[in-house]
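K.L.:
Residue-level listing of the chains:
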Amino acid sequence: MARTRIVLAGEGGQGVQSIAKILVEAGYEAGKEILYIPNFGVEQRGGVSIAFCQIADEKIGEPRFSKGDIVIMLSDRAIDRCCTYVNENSTVIYDSSVCSKKPECKAKNIISVEANKIANEQLSARVFNIIVLGVLLSATNVLKLSDIKNAMEMALGKKFDAKPELRDLNYKALEMGMGLIEKAGV
Amino acid sequence: MIEMLEKGPRLAKAQNAEVGASKFCPGCGHGMILKTLAQTIDELELNDKAVFGCDIGCSLLSWNYMNVDTVQTHHGRTTPVIYGVTRANPDLVGIAYMGDGGGLAIGSQHLVNAAVRSENLLIIVANNTNYGMTGGQMSPTTMPGQKTETTPYGRDCDVTGRPAKGAEMVASIADPEKSFVARASVSNLRKLKATFKKALKNVDMGGFSFVEVLSVCPLNWRTNNVQTWDRLKTMEEFFEVKDFVQREGLE
Amino acid sequence: MTKTHKAIKVENVAKGKADWHLYTDYCKGCGLCIVKCPKKCLNWSKEVGIYQTPAVEPNPEECIGCGTCELVCPDNAIRVEKK
Amino acid sequence: MVKKLITQDTRMFLTGNEVIAYAANAAEAEFMYGYPITPQNEIMHTWCKLLPKTEAGFLQTEDEISAGFSTIGGILAGKRAFTATAGPGNVIMQDAQSMAEMMRIPFVCAVMQRGGPSTATVIYAQQETRLTCFGGNGEGFRIVYSTAGHQDLYDYMIKAFNTAWKYRFPTFMLADGYQGKMREPVTLYDPASRGIKMVPVEATLGGANGSRPVNHVRNTFNLEEELMEVLDKYQEEFDRISPEIEEYLEYKADDAEVLIIAHGIVARSAMTAVDELRAKGIKAGLFRPITLRPLAVKPLRAAVARAKQVLFTESANGQLAQMVLEKIYGLQTPYSTLFKMGVGVTGDDIVQKVESMVKEPATV
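Chains as they are written, first to last, in the working numbering: chain A, 7 to 192; chain B, 16 to 266; chain C, 5 to 87; chain D, 1145 to 1508.
The shape of chain A in the complex, shown without the other chains (with noise of 0.2 Å):
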């Protein structure tokens, strides 16, 4: 049974959620099976934030898992937090240009990528999340290309519409972040 555990984690702001979204919708539209757990804690805002979502092609049992196939540490604290989501069969995938550490746990594999730091000096800082998204998308390797694309433009299609350019803008760093898991070799 073919399922896929996804633990993404980063700062409150970083738009973790949002990007979960667009994922679980984008796997939703394709006719995958479901499940997705925002982290929720006291705080609007602030705070580590973690979305548990889970892809799979049969019906999902357990909400929350033990282990995550692919953990996503995007801040030194989501580090702190989720090394307890990682096993030996997980692949961990952390922001050097923003984690000031390296996480130490045992994992299958653990891959820097730099998604910041390409957002700020090639695209946009807001297009942080959707370079991330693209990582994911290739890191999982469940979902098609324009599944995210559609899903998209379900979130953020009225802003699209508005402004053009940010179509471009959000697709360009959605397959740059793709790339950096290609060259990674995952």
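Check each hint, because a few of them may be wrong.
Unchecked claim - Pairs of lysine-lysine residues, derived as DSS-like cross-links and limited to a Cα-Cα distance of at most 27 Å, are as follows: (1) B:K28 - C:K7; (2) C:K86 - C:K19; (3) C:K13 - B:K22; (4) A:K178 - A:K164; (5) D:K1503 - A:K73; (6) B:K257 - B:K216; (7) D:K1427 - A:K65; (8) B:K38 - C:K10; (9) D:K1424 - A:K73; (10) B:K22 - C:K21.
To be verified - To give an idea of the chain D side of the interface with chain A (calculated C-beta under 10 Å), a few residues: (11) Y1268; (12) V1487; (13) G1488; (14) I1494.
The set of hints was computed from the structure by calculation and includes no laboratory data. No residue lacks a Cβ here, since even glycine has one placed at the ideal position from N, Cα and C.
Go by the hints and put chains B, C and D onto chain A.
P.N.:
For chains B, C and D alone, coordinates are given in the frame of chain A:
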């Protein structure tokens, strides 16, 4: 000499003739307030529209007093039950009946918010300056120096604060365009009826009404008939009897 | 069978203009009416009310049949019938 | 009459809180009274957003006390009304819920459990199980459905209205923060298309216009015996209708050597665990009570008697276990426990626990 008469007591149509004597203590103000309320319901012909709710405390003894649909609720909770009713069926005229404890202590958050939201009901607070049913403890309206079971040496306002003035409080937050707020007294039942009339008319017009009625509790006050009326007079000096808020067009 | 009511009946008060009734199964003997009577003509009766405490009755000579006692009675025990 | 939004089978990708609002509309609920508390807020949000289309009613009250009592008012006035709450809100709503028990008011409430005691977390727990089943100053004359995901939320929210109005005991849909906040696909449908007819509602207060004697609804009694007479009747009725109401689900429990007993969303993790354990050659199975009040005692006892060991697992410290242990008194099957207070139980947690039980059998 006792005779057997066919003609019985003169009761309002909105009073339940089946129950005989009420469950209240001798001289209790609730009887005066409720019979006046029932007469008002008759005169305004609201018998089919009125829904009556009573609280815990002595007011609960009125659970079968009225000849209108009635619900007996929990302490302080009559207000939300009755605005729940009128929100669901705005054609009804909801009346929430309670004491000073139910209105100004345990149910005060409901009173405040019902007033602020201009909920469509009449809230009647019978103020007898103590908790009657539980045996005469201090209530929010207990007068300075008044002896109760929990202020056996007299209410010391330095310790317990000053008596709550319900009508003034509600008047300060009620919407003047939708509300009727008054304080009346059982010392003048004709005037009380006139007050209830305005209050119920306002509810029938879709508004919010609050009437605090200064009442008597001879049993817990330990007063005889003369002292009871005298005590009420002192209360009227402390709690001003008047209409505080009256929306335009209400007569 | 018609329901009947136990009552103290004082006929022809107010110079014959009214009859005064007190239903003893309703009177709790609180005496509030005594204080409110404008003519101060209500007195404790030898008859008792529902709690076996004295009921009240007016002095028919002084009673003006104004109905204040009926108005004030918390328990609907008094009925003043104007003729 | 409210307008129904779902007229044909519709697959949607929703949060559980959204599902509950849709289900209440499908059940022809006319009015919601509520007060904000996480994690149930989106039930109200969704209900309010849909109001222009449904033409239903909503009141945001000043607290859960008033939400509960005004719901009672709405029901007595003849509306199919409901409310929802969680955590500390569930605690103070017991005031109204016990009145609904005594007055036999068809009170429907969705409980989205969060961590406790007190404020604790706004996330998730199964720690309101005992409270929801037995809260208030009485005997727990309540019907409680424990759901395990979005299809359940839809099915049982609709069912709760009919159970409440048919039997006139307060009826609860016990879910939790995970179910409220998580998103998964669900099929919404018009109850009529499944042969479900909504029990008609009627007004207890108002609207009679002389067509019936006035109603005096009370919950106060003067004498002990007067009260007992009423309660004995309620208990007799509750016992009599229980077999019609009881629901449970068994998953590979027939030949299970280790029987897992879990309710709600933990039962879903247990299903994942059962599959993994079976793949490893361990005969595990699940017994999931769906109604916690009343419990399906007969099949429960039979399943426990068949097993070699029992594992109770909950996101609480054994609140369901306590209720079950009382009902399986006398059976000799030893049991073990996996309790995580206010924390989700994963499939892995259960797999590891059952493996350890196989290595070293329970003795209790």
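K.L.:
So, against the hints stated earlier in the document, which numbers end up violated here?
P.N.:
none
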